[in-house]
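Chains as they are written, first to last, in my numbering: chain V, 1 to 113; chain L, 1 to 932.
The set of hints was computed from the structure by calculation and includes no laboratory data.
Even glycine gets a Cβ: it sits at the ideal position worked out from N, Cα and C.
Careful: at least some of the hints might be erroneous.
[Claimed, not checked] Label-pair distances were calculated between CB atoms; the ranges are: (1) V/G104 / L/R795: 42 to 50 Å; (2) V/R98 / L/A762: 16 to 24 Å; (3) L/G583 / V/G58: 22 to 30 Å; (4) L/G594 / V/R98: 38 to 46 Å; (5) V/L51 / L/G594: 45 to 53 Å; (6) V/R98 / L/A840: 40 to 48 Å; (7) V/A61 / L/G187: 49 to 57 Å; (8) V/L51 / L/D745: 25 to 33 Å; (9) L/Y532 / V/G104: 39 to 47 Å; (10) L/H593 / V/L51: 51 to 59 Å; (11) V/G58 / L/H593: 45 to 53 Å; (12) L/R684 / V/A3: 47 to 55 Å; (13) L/D745 / V/G58: 54 to 62 Å.
These are the residues of each chain, in order.
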Amino acid sequence: MEALYAIAVGVLTTCGLYLVLRGRTFPVIMGLTLLSHGVNLFLFASGRLALAAPAVIGESARPTDPLPQALVLTAIVISFAMTAFVVVLALRAAVELRSDHVDGVDPEEDWRP
Amino acid sequence: MMLLSIVALPLLGALVTPLVSRRSTAMLPTLLAGAIGLAVVSILLSQAMDVLAGTVLIEHYPWLPGIGLSPAFRLDALGLFFALIIAGMGILITLYAHFYFAGKHGAVRFHSLMLAFMGAMLGIVTSENLLFMLVFWEMTSLVSFVLIGFHQDERPARRGARMTLVITGGGGLALMAGVLLIGNSVGSFRLSDILAPEAALTADPLYPWMLGLVLIGAMTKSAQFPFHLWLPNAMTAPTPVSAYLHSATMVKAGIFLLARLNPALGDTEAWLYSISTAGMATLLTGAFIAMFKHDTKELLAYSTVSHLGLITLLMGLSTRMAMVAALFHLLNHALFKAPLFMMAGAVQKATGTRDMRRINGLWRTLPALAVISAIAAASMAGLPLLGGYLSKKMFFIESMNASVTPTLQWLTPALAAIAGLFSAAYSFRIFHNVFFNGKPRNLPVWPPKNPDVGIQVPPAVLALAVVLVSWHAKTVVHGLIGPVASAAEGSVLPAYDMHQLHHIGTAFFMSLAAMLGGLLLYMAREPLFRLYDQLPPADAREIFEWLMTRTGSAAERLVHGLENGSVQRYVALIILSAIVLAGPVLLSGIQWHGGETLTPIDPLTALGLVLLMATAIGTVLGHHQRLFALLLLGSAGLFVTLTFARFSAPDLALTQLSVEVMAVIIMMLALSFLPQTTPRESSRLRKGRDLSLATLGGLGVGLVSFAIMTRPQSTIAAFFLSQSKPGGGGSNVVNVILVDFRGFDTLGEITVLGIAAVAVFALTRNLQLKDRIPQERGQYWASNPHPLILRTMARPILPIALMVSAYIFLRGHNMPGGGFIAGLITAVALSLQYMAGSLAWAHGRMLTPFRPLIGLGLLLACGTGLGSLLFGEAFLSSWFGHYDLPLLGHLELATALLFDLGVFTTVVGATLLILANLGKLMTVHGPGEEIG
Numbered sequence: 001m002e003a004l005y006a007i008a009v010g011v012l013t014t015c016g017l018y019l020v021l022r023g024r025t026f027p028v029i030m031g032l033t034l035l036s037h038g039v040n041l042f043l044f045a046s047g048r049l050a051l052a053a054p055a056v057i058g059e060s061a062r063p064t065d066p067l068p069q070a071l072v073l074t075a076i077v078i079s080f081a082m083t084a085f086v087v088v089l090a091l092r093a094a095v096e097l098r099s100d101h102v103d104g105v106d107p108e109e110d111w112r113p
Numbered sequence: 001m002m003l004l005s006i007v008a009l010p011l012l013g014a015l016v017t018p019l020v021s022r023r024s025t026a027m028l029p030t031l032l033a034g035a036i037g038l039a040v041v042s043i044l045l046s047q048a049m050d051v052l053a054g055t056v057l058i059e060h061y062p063w064l065p066g067i068g069l070s071p072a073f074r075l076d077a078l079g080l081f082f083a084l085i086i087a088g089m090g091i092l093i094t095l096y097a098h099f100y101f102a103g104k105h106g107a108v109r110f111h112s113l114m115l116a117f118m119g120a121m122l123g124i125v126t127s128e129n130l131l132f133m134l135v136f137w138e139m140t141s142l143v144s145f146v147l148i149g150f151h152q153d154e155r156p157a158r159r160g161a162r163m164t165l166v167i168t169g170g171g172g173l174a175l176m177a178g179v180l181l182i183g184n185s186v187g188s189f190r191l192s193d194i195l196a197p198e199a200a201l202t203a204d205p206l207y208p209w210m211l212g213l214v215l216i217g218a219m220t221k222s223a224q225f226p227f228h229l230w231l232p233n234a235m236t237a238p239t240p241v242s243a244y245l246h247s248a249t250m251v252k253a254g255i256f257l258l259a260r261l262n263p264a265l266g267d268t269e270a271w272l273y274s275i276s277t278a279g280m281a282t283l284l285t286g287a288f289i290a291m292f293k294h295d296t297k298e299l300l301a302y303s304t305v306s307h308l309g310l311i312t313l314l315m316g317l318s319t320r321m322a323m324v325a326a327l328f329h330l331l332n333h334a335l336f337k338a339p340l341f342m343m344a345g346a347v348q349k350a351t352g353t354r355d356m357r358r359i360n361g362l363w364r365t366l367p368a369l370a371v372i373s374a375i376a377a378a379s380m381a382g383l384p385l386l387g388g389y390l391s392k393k394m395f396f397i398e399s400m401n402a403s404v405t406p407t408l409q410w411l412t413p414a415l416a417a418i419a420g421l422f423s424a425a426y427s428f429r430i431f432h433n434v435f436f437n438g439k440p441r442n443l444p445v446w447p448p449k450n451p452d453v454g455i456q457v458p459p460a461v462l463a464l465a466v467v468l469v470s471w472h473a474k475t476v477v478h479g480l481i482g483p484v485a486s487a488a489e490g491s492v493l494p495a496y497d498m499h500q501l502h503h504i505g506t507a508f509f510m511s512l513a514a515m516l517g518g519l520l521l522y523m524a525r526e527p528l529f530r531l532y533d534q535l536p537p538a539d540a541r542e543i544f545e546w547l548m549t550r551t552g553s554a555a556e557r558l559v560h561g562l563e564n565g566s567v568q569r570y571v572a573l574i575i576l577s578a579i580v581l582a583g584p585v586l587l588s589g590i591q592w593h594g595g596e597t598l599t600p601i602d603p604l605t606a607l608g609l610v611l612l613m614a615t616a617i618g619t620v621l622g623h624h625q626r627l628f629a630l631l632l633l634g635s636a637g638l639f640v641t642l643t644f645a646r647f648s649a650p651d652l653a654l655t656q657l658s659v660e661v662m663a664v665i666i667m668m669l670a671l672s673f674l675p676q677t678t679p680r681e682s683s684r685l686r687k688g689r690d691l692s693l694a695t696l697g698g699l700g701v702g703l704v705s706f707a708i709m710t711r712p713q714s715t716i717a718a719f720f721l722s723q724s725k726p727g728g729g730g731s732n733v734v735n736v737i738l739v740d741f742r743g744f745d746t747l748g749e750i751t752v753l754g755i756a757a758v759a760v761f762a763l764t765r766n767l768q769l770k771d772r773i774p775q776e777r778g779q780y781w782a783s784n785p786h787p788l789i790l791r792t793m794a795r796p797i798l799p800i801a802l803m804v805s806a807y808i809f810l811r812g813h814n815m816p817g818g819g820f821i822a823g824l825i826t827a828v829a830l831s832l833q834y835m836a837g838s839l840a841w842a843h844g845r846m847l848t849p850f851r852p853l854i855g856l857g858l859l860l861a862c863g864t865g866l867g868s869l870l871f872g873e874a875f876l877s878s879w880f881g882h883y884d885l886p887l888l889g890h891l892e893l894a895t896a897l898l899f900d901l902g903v904f905t906t907v908v909g910a911t912l913l914i915l916a917n918l919g920k921l922m923t924v925h926g927p928g929e930e931i932g
């Protein structure tokens, strides 16, 4: 199971990084979301994978590590706030620069002879 | 306290002077600066007897002992000698500057900077800790920069200041590296340890580096060839600055450093050859060029360069008594050079120029100054029985004693004599050209103004000192210079044999030859000047400026090459550097499988993970069709939720679920404005590059994750698990960690959330999205924005959702749930009303604006934390108790619940603020009323 999980983390990171490297804002935002999924799963897994052992006293005999969970919980909320901020930034940039390219300039304009 | 006050008094004075002098007479800054100078001198003199007898005073103030940073001051004979010159000269310069500036604008600034400089200089010579000496060292460079550029509106002043800063600042960096090497080798930055014989720095394998770096620092500061350039260009400074910094004090800092570190670094072949070569080159260059300068201050500057070279050369010679000669000449130089500078300043004030081809025959106008200058120039020329003559004769004697290889035995004395000859010639020139040599020609100020009597007092005092030192040379050498040189050598030197100075031998004839030769050279000056003018013009200043421009443009090209303004490139570079930094470590033979047995794969979980990967890959493949990709992204989020749920993290699953809903809504809102498709514009090469970067990154993260998961776990979880119930009063450990154990983190995190929300509010405030793309709207977007079924369903959902939210919130401490999750559920339920109803409809029914809600939540959380302070507990300590209440039954009440309520409020406020403002953008009517 660990191997498959690690592959999933790797695939999420790869997809996230690839999209982050795109030139338009919207794919970049999606890439950031995928990347934060990958990172959250990565951090979460540092508490090891346990089935049916929630960190609630009395629920299971050997509860899993609660600390990574607490860290990831706040990370999820913060990455949501960040996503919202980046979305607004992208909108603002698209309005003011009249282009949704991350560099603020439509490359096609320069490519035309 | 005493040694500290030596440094602190001038520095405090520098701060106080501008404050008290704002509305007062011109006298006050002078008096203040003078009083501070006198105070420092009297403190120094009160200790002089003991210190010259060999006592070393040390004051130590512990500050950061762990990294060797503790201010410590040290006063030994060497430090005392320099400190007396610095403070004593400071008093005279203060007096001189009073008349020089004559109450003009800038006098206050000058006195303040002068005091700052004096403090820094005193700091250099009294520092026990080399790190603190470095700080003072840099401070002198900076203050000198400001003082040279004192007339900020003049271009040469600015250029000269910049050149000084580049050269002395660069040297300071080298010195810092050298000092760090020394400190590293000795294990301490304290001079007492470094100068101790046990330090054995000369045997260190890094000794050449230490010596080289320290030498660069000393040579740049003391204007040694080829770093001497800055000194002549620093003559754009007001004359008091030139007289103080550039003849008597700052340029001696490098020499002080060599003398200070002589016991630790000296007495090697490398020391001997590098320092004496540098000194000799400087001595000759300076003396030669000085002769041909027509500007009084430039002549004096090159002459200073040459004398500094002489002192450095003596330091390098390493003969037994060379240190005595060097320090005695240093004293003489300070005494005769400063009055000459003061003369140049006074003459400039009287005639309006410094050009010696125009200033002639001033002895009628300035008879007193002529006498003063005669004494100083005679000492500089080395005329018999004056201080300059004695120290130069010492120099000739030592140059013959130097223990260089026999073939070079004759070279040092010969070059010394030539330099002496030029030195005599320019000394004759500056005196004779200014005061005699016919009549003044074409002066800007005619007739020459009679300068203030006051401006002639400081040079007169110095000229008197020249005479006194010459008269009592034996007392000075034995009583003062001897102990100082012993301190510099680190061992007691025998008394200098003064008789050999009166002995008629080789040294006498060398002096005589230099004197007569200098006279002849001066007589033949006219043809020589013509000859010099025919030499190819090599203006070092222009070369320096050219170098500076070239360096600047090269740096610019490099920066623009790297930073071409493309965010894509920056992101790629960041990822690449992460891979490059982490890659070698990961590839250095790490065992990926850590040894723990893998858990078996169950088909359902495997299916979930495979689908997670599939949706992620689908998002990438379909990212050109944005809505499609967004839907896949949302499903990826749902599979992440399932993964959390599967692996025993119910809180995370709940949070991820509600966040995912909100995030998709936000992106959907944005997409209704942005283009619906992404153009296919990346070249194949770019795609390949990005794909390989992404794959390498993902591979690394995946492998590390696998390596971590398969290693035995060592965790601090046991503490949280065991303390959750007795310490935090809750059985849901994740929630107890959030609101109790790590409550401070959570407080920080909700603050970030609030800031992000307010930033969204601010960014959308004046934003108008006029350019929605109409032709694409029909493709995906519903024509009816608020369908009837949604509207009807949404309203009954609200109370149910709020009840669920309340339940989740209340049980959070003991079961999965809590403020974060409850807040998100509430926000989702409310935003559904916005979507179903319409912005105006829903907003009209909101009881409170959102921004105060965020503030309230933060206040609540913070206040709960502060409340525990009232009970004498640490910030954010929690308290709980169990109660049996009528109707409600058994109930547990915890202060953590209040904190969680703060979290809840902030999350609701922040999320709705973000959502409502984004939604507002999308309404057809534009911004309209402010929301939030």
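Next item on the list: Could you check the hint for me, namely that L/G583 and V/G58 are 22 to 30 Å apart, CB to CB?
Entry: Because 46 Å falls outside the window, the suggested range is violated.
Item checked: Satisfaction of the hinted span 51 to 59 Å by the C-beta atoms belonging to L/H593 and V/L51 -> violated, 21 Å
Checklist line | Beta-carbon spacing of V/R98 to L/A840 - inside the hinted bounds 40 to 48 Å or not | finding: violated, 29 Å
Checklist line | V/A61 versus L/G187 beta-carbon gap, inside 49 to 57 Å or not | finding: Since V/A61 and L/G187 have Cβ atoms about 55 Å apart, the given range 49 to 57 Å holds.
Margin query: For the hint 39 to 47 Å, verify it against the beta carbon of L/Y532 and that of V/G104.
Written below: 59 Å Cβ-Cβ, so the 39 to 47 Å window is violated.
Margin query: Range first: 16 to 24 Å. Now tell me if the beta carbons of V/R98 and L/A762 are that far apart.
Written below: Since the Cβ atoms of V/R98 and L/A762 sit about 22 Å apart, the hinted range of 16 to 24 Å holds.
Check: Okay, V/L51 versus L/D745 on CB: inside 25 to 33 Å?
Finding: holds, 28 Å
Notebook entry, point to check: Does the Cβ pair L/G594, V/R98 satisfy 38 to 46 Å?
Noted result: violated, 53 Å
Item checked: Assessment of proposed distance window 45 to 53 Å (beta carbons of V/G58, L/H593) -> violated, 35 Å
Notebook entry, point to check: In this structure, is the beta-carbon distance linking L/D745 and V/G58 contained in 54 to 62 Å?
Noted result: Since the Cβ atoms of L/D745 and V/G58 sit about 26 Å apart, the hinted range of 54 to 62 Å is violated.
Note to self: A range of 47 to 55 Å was offered for this pair. Does it hold for the Cβ distance of L/R684 and V/A3?
What the structure shows: violated, 32 Å
Margin query: Quick check: does the Cβ-Cβ distance between V/G104 and L/R795 fall within 42 to 50 Å?
Written below: holds, 43 Å
The structure does not agree with the numbered hints 3, 4, 5, 6, 9, 10, 11, 12 and 13 stated previously, though it agrees with the rest.
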